[in-house]
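Trainee: Listed here are the chains, written in short residue letters.
Number of protein chains: 2
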Amino acid sequence: MSLLRHLFSPRSVAIIGASSDPRKIGGRPIRFMKAYGYAGRILPINANAAEIQGLPAYARVEDVVGEVDQALIVVPAAAAEDALRGCVAKGVKVVQVLSSGFGEAGDEGRILQDRLVRIAREAGMRMTGPNALGVVSPGERYFGTFSTALEGMCPEPGGVAMVTQSGAFGSCAYVMAMRRGLGLSRVIATGNEADVDVSELIGLLADDAQTRVICAAVEACKDGERLRAALRKAAARNKPVIVMKVGTTEVGAAAAATHTGSLAGNDAVYDAVFRECGAYRARSIEEMIDVAYACSLGGMPGNDRVGIVTVSGGIGILMADAASEAGLALPAPSASALHAMREVLPFVTGANPLDVTAQIAVNRAAITAIGQTMVDDADYGALLIYLANNALAPPVFETTKQAVLALRHARPDVLLVTVMPAEDGVRMALEEAGVLVFEDPSRAVRSVAAAAELRRLQQDASEAVPAARPGAALPAGEFDEAGAKALLAQAGVPVLDERVVHTAEDAAAHAERLGGAVVLKIVSPEILHKTEVGGVALGLQGGQAVRQGFETILQRVRTAAPQARIDGVLVAPMAGPGVETIVGVHVDPVFGAVMMFGLGGIFVELFRDVAFASAPLSPARARRLIRATRGSALLDGWRGAAPVDVQALVDVLCRLSAFAATHAHELASIEINPLLVRESGCVALDAVITMRNPSERAPV
Amino acid sequence: MSLLRHLFSPRSVAIIGASSDPRKIGGRPIRFMKAYGYAGRILPINANAAEIQGLPAYARVEDVVGEVDQALIVVPAAAAEDALRGCVAKGVKVVQVLSSGFGEAGDEGRILQDRLVRIAREAGMRMTGPNALGVVSPGERYFGTFSTALEGMCPEPGGVAMVTQSGAFGSCAYVMAMRRGLGLSRVIATGNEADVDVSELIGLLADDAQTRVICAAVEACKDGERLRAALRKAAARNKPVIVMKVGTTEVGAAAAATHTGSLAGNDAVYDAVFRECGAYRARSIEEMIDVAYACSLGGMPGNDRVGIVTVSGGIGILMADAASEAGLALPAPSASALHAMREVLPFVTGANPLDVTAQIAVNRAAITAIGQTMVDDADYGALLIYLANNALAPPVFETTKQAVLALRHARPDVLLVTVMPAEDGVRMALEEAGVLVFEDPSRAVRSVAAAAELRRLQQDASEAVPAARPGAALPAGEFDEAGAKALLAQAGVPVLDERVVHTAEDAAAHAERLGGAVVLKIVSPEILHKTEVGGVALGLQGGQAVRQGFETILQRVRTAAPQARIDGVLVAPMAGPGVETIVGVHVDPVFGAVMMFGLGGIFVELFRDVAFASAPLSPARARRLIRATRGSALLDGWRGAAPVDVQALVDVLCRLSAFAATHAHELASIEINPLLVRESGCVALDAVITMRNPSERAPV
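Taken in order, these protein sequences are the chains called V and P.
If you read the first sequence in my numbering, its first letter stands for residue 30, the second for the next number, and so on.
If you read the second sequence in my numbering, its first letter stands for residue 30, the second for the next number, and so on.
Please note that a few of the clues may not be correct.
Which copy is meant is left open, because identical chains are indistinguishable; a pair holds if it fits in one copy or across any two.
What the hints assert, rightly or not - No more than 25 Å apart at the CA atoms, straight line, and that leaves these computed lysine to aspartate or glutamate pairs for DMTMM-like:
#: 1; residue 1: 53; residue 2: 427
#: 2; residue 1: 559; residue 2: 248
#: 3; residue 1: 262; residue 2: 638
#: 4; residue 1: 251; residue 2: 715
#: 5; residue 1: 262; residue 2: 482
Everything labelled a hint here was simulated from the structure, so no lab data went into it.
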């Protein structure tokens, strides 16, 4: 709590490197605070001036009498350490190092930066930056920043916090938010994040009374668990988090050996983490601001059902198309509700969209009754009203405005959205009452859909998830197929009763014991794709066929891969019918063990129809992971086939995810391909497990 | 040409039903024209006034001395016929019937409307509406409309025409365009389209010197060929057409019996027609306006390659992500170009995006050299420059603005886009020089991508397509599988050497003649899905197996479908390996024969991975149709399989499309499922052909 207060609403701030020139970096924060009415103490620190911009200046921060909540360090990098030591000596609570020339500038800067963190940590003092852009708290008129984005545009106070690492990205988003008329609670750009990072701030702002919605841009998260915890905390407080992830990275070559590795790009993992921790991922700054606008002014709708009232059939259909594309439901009001509405306005047509036509002009006040009847009847979480162009003529629009405000007053629990171009005064009056105003119909619908999705994501995020449990260390070295399956069996994943043999006779003997047809597969840690070297024979029945198959396989593999070490041949029963799926584990350097699920073959390879989720999984999350793929429809019985055992698949996902979480510091990846899901139960038919190099086996 | 002139720039206009009250429908057009400076003759027609809004009024249009180019009819529906006859008597060139109460109001209105069209057509007079909203030509200050959207906001003249059917939709788009600062050439809402329709107007505006870009909203096209011709004409003139389709309709139950029918929703067909005729389909009004803005000010980029220059790494990456998602290429400049740029600005990093960092402030004029080096080196069709927030402070931005203008001057062939919030004066100065200004980085990129796509679509649309040829009538009645295949063979589609037999002996005899394994299939016009009734047996080898298979099939079918008429059993050779595809024909009531292509099975059923194109196809279009599906990757040899004969598939698509176009007035649909594409050649394994009812066999 004290970091929150000292960072965003300090009662006193020292500017170390203060300048008399209000255009310079050391002069701007002072100018902004004076011009925009900061009520705390502004303490310029400058050894060569007695007065700075009309304020008494101090040679050193230690010379200040009284407490210093926050210091801004704007001196050159080389002088920052001294300045920081001064802050320690003075007992400053939070320091913002706005100077650049540190970690972002190369090795020397990195050493300087590490020294700053050590000094601050030893003193129990918190620090943002270095290379930070600073903080703005419009409500407190606090401007601890030199950002030129504030030039001539004092931000409106409001409920949206904006947290970014990059100052440039933050400034871009900040200015777009201001121009959109969005009220801001806190704006901060954390720079190099040597101490305070975006994750910690999200967690802090979840407790900030002034902040209702958090917008965050994540660039390079270093601590996945901290980000997860912060997002979950915000979700638990019902504070929407709208997040952007900038900068996708290439996957390492090592990981690319399996589907799981090549598909689990950094981006897909972030995507999964955001969703499961209840945050909405925006794909553009405009979208982030739209969704923040909707959530901060109107709130998240209570359900996915939307009603549409329109004065134009064409725009109504446009909105309905956009709504169903965005996954919103458009249930019609009941016949009796429609009857009641026709009593008020005989000319209404349609149902949802309900077209009140331009004839609404004969009784504009009826919007209240129409809207209320609709939401009372059909329990819409949001109601969108398209009102053409009247809001550009405020006198003409006055009755409509009052009618909309009355509707908002009657049903404040429903997200109420007007769609129209509006004169600024009209717009602001509606917004003040919590009514949204969008000009573009499709954008209005998409923003409502995002707000509804946020509510769903927050609900899902509130479900309990199992914690990773400790376990005994895995054996070192590489695993061949048999070894991988033994490990899976240990993790609770069903495998076939199969055996590695070294002679044709042993192969025939095991086949006889199994009964029925068998499959033979080459066992070699150096051959990942067995089929391609002729290392697989299917459906062999009887001793003679098995013996012959054994010899054929060895011969083909020796020809195709003469250098490969061969550890034997696997004899297994034929698996029978079922749906082939791929289940993978990818151990991400930041987020730890992550599960992948997809249907086999072209689903994964051509359509990239896979989904990711963090390990360990609860059964509900495992189900959600499965259903996030389109191909999962095949599990339910496709074209007359019998449905397969989804519950068994859920069990396997949960068990494997627990195993993966336990061994995340040893594993690099697991891929079961295929995991055959049968009418009853499922079974791993092939698996590849890759371990980290021992040198990399740090705790995740 | 004369309709274009008389409709959009009449030298004289009569308002029949003119009102002295400038707020009334009959008064508004006169007020607008007077207020905004129309230079032609305004002729109020009103039997009860000698003067209207300060202008001499006439009792009847026939009383006017001199030519009347255009008349607006705003009298009630019942009086419209008399008014129209007056226009005929006077020799008015074009009449806009703005009154409502016609086709949109029920049967009586429809009769009135039909009478108006007859009168106009007999007189050779053209007519818009009824129930139209009128015309605006900002360049000529002509305002033949009563739209309240003009209240207090005189539109800027410019190069964008906006053509809609619905007045409400048009007003919404018009006001959004005005607020976006988009200059307009013509705005028209055609209403009920009893005579002039959106298609005709697109064709006219393709020849309009004032119009550089056409925005159109299509609701219910009645004449597909006219729309196609108009779009192709605009594409041939290199006039971008950005179109919205509002109102998707449900597919008829009859058509839903096949995949082709159920997937060929009205919407998918419109989509195909727009694309192949060179038009870009926008999904929101905002998008339509963005793309029109880009094309009208900057033009269509010459290729899909974009360069990005940025002052912020984060925004650069955001734009690069958006660009690759939108299908744009981001090639890097050469090492020597990078070297040259570092000579100018030593601190630039990256390549594309090229990050000039905030240090560009030391030499803002360098943007010209940097930009020119990039486009000269890497042949970018478009260059996007992110410039942070300086354009909000015009004096600070002046040098940058001049540098950007110099770059535009040096390379006017490259689409130059600045990305930044900008003060209005700055924005307008840039726009006047043809430099685009976007605030949101992602939206800037998407708009450039759309403009680039328009160029590609226009190029593709310019390719010659074969014309439909006449042919002999098809046999009447229903087709069983054998009949359908016989018809396909006639169309030039390869089928297997198969025969319908009625006894087990004949089955065995034909199997022997074929040699190798055969397949047996039940033949019944009443069974569409043979497998589901056990009506198929595969891989039968030898006389005994074939005889037994024959009996088994009959027995199973008689059990599963005891009522079905059975016409025999088909004996065919096994088709061998290949890729299963679905090829369909859907005869659309508006657009005629349309081809569908997709890969078999789950590709179509689960992923809806299908594409449509109008018949007949050229080989180039057939190839494009195939490649529009993701599944087409399987044709090239998936996971080590041999590639199959795509050329044979192209041939089949072309031949079937020619057949479909010839018989569009007889056919309802054709579906070949599967068409097996083999390493050499392809073959139809099963087909369903449905014919129209004879009563519906009107020419398409």
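Trainee: Please work out whether the CA atoms of residue 251 and residue 715 approach to 25 Å or closer within one copy, between two copies, in both situations, or in neither?
Mentor: The answer is neither: 34 Å in one copy and 58 Å across copies each exceed 25 Å.
Trainee: Check residue 262 against residue 638 for me: Cα-Cα at most 25 Å, and say if that holds within a copy, between copies, both or neither.
Mentor: This pair counts as neither: shortest intra-copy Cα distance 30 Å, inter-copy 41 Å.
Trainee: Treating 25 Å as the Cα threshold, decide for residue 262 and residue 482: within, between, both or neither.
Mentor: within (18 Å within a copy, 44 Å between copies)
Trainee: What label fits residue 559 with residue 248 when the C-alpha limit is 25 Å: within, between, both, or neither?
Mentor: neither (40 Å within a copy, 56 Å between copies)
Trainee: Indicate which option fits the pair residue 53, residue 427 if close means a Cα-Cα distance not exceeding 25 Å: within, between, both or neither.
Mentor: between (48 Å within a copy, 20 Å between copies)
Of the numbered hints listed earlier, those contradicted by the structure are 2, 3 and 4.
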